Amino acid sequence: MQKLVSLKDIELDVSATDWQDAVIKSGRILMNNGYVTGGYVNAMVQSVKNHGPYIVVAQGVAMPHARSSDGVLKSGISIMTLSSPVEFGNENNDPVYLLIGLAGINDELHLKIMQAIATIFGDDTMLKRIISCENRAAIAKIFNNAEVDE
Amino acid sequence: MLHIVTICGCGMGSSVILKMNAEKALKELGIQAKLEVSDITTGKGAARTADLVLIGSELAYLVQDIDKPVIQLISFVNKKEIKEKLKEYCEANGII
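Respectively, the protein sequence lines represent chains A and B. Per my numbering, the very first residue in the first sequence carries number 1; after that it's consecutive. Per my numbering, the very first residue in the second sequence carries number 1; after that it's consecutive.
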């Protein structure tokens, strides 16, 4: 089975001064791994500025992303935990301590990634497990083993 | 068949998750539906042909002027919230 996440996609205990810094850092992981262009990282920030903090999709979790046409090279994600949480201005789900940077094109891998995310974040216990993970391998395992429930 | 459009900023992230979770909830409720993903630029057009719009509460202001029922979700990933709100809508509209 195709792996959705590898160790290079994950960074733990990153320090960020504010939401913008956090989004840029999660975008840089995507860029360094060849999923997106530098322009895409800027578009991720711009998207929050344009549409507000709706990317904070669940309590404590932000999913920064932009459009495929903003510079996605291939589908992938970055997973980043923060050493101290930042505020995005989302009244229901702030503060954010986990960022899942998304790079998606309309392909099967992107759908599989989204399915894994939907499964993981729909389940409070799995979310807690991710937050308490102290190493990247454990997080990669959760994502790669996320059972897709029918 | 109920026609639902899920909307987010780019049509690649949250709306895809919303669609997956809504599909699951509808299946559990025994409701047949067709779901479609859209972004905010095409979402308004897509909403015109749909019966129901699902959108995150942070983006709901974008569809406030459309003449279709809108369900706002606080969390895109909380299956319980999606299911409860869909159930409420379906019961109120005689679908179940």
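No lab work stands behind these hints: they were computed from the structure. Everything numeric in this text was worked out from a predicted model, so none of it was measured. There may be inaccurate statements among the hints.
Keeping only pairs whose Cα atoms sit at most 20 Å apart, straight-line, the calculated SDA-like set for lysine to any residue is [as the list claims (entries may be wrong)]:
id	chain 1	residue 1	chain 2	residue 2
1	B	Lys-79	A	Leu-7
2	B	Lys-80	A	Asp-123
3	B	Lys-44	A	Gly-52
4	A	Lys-8	A	Gly-52
List of violated hint numbers, smallest to largest
1 and 4
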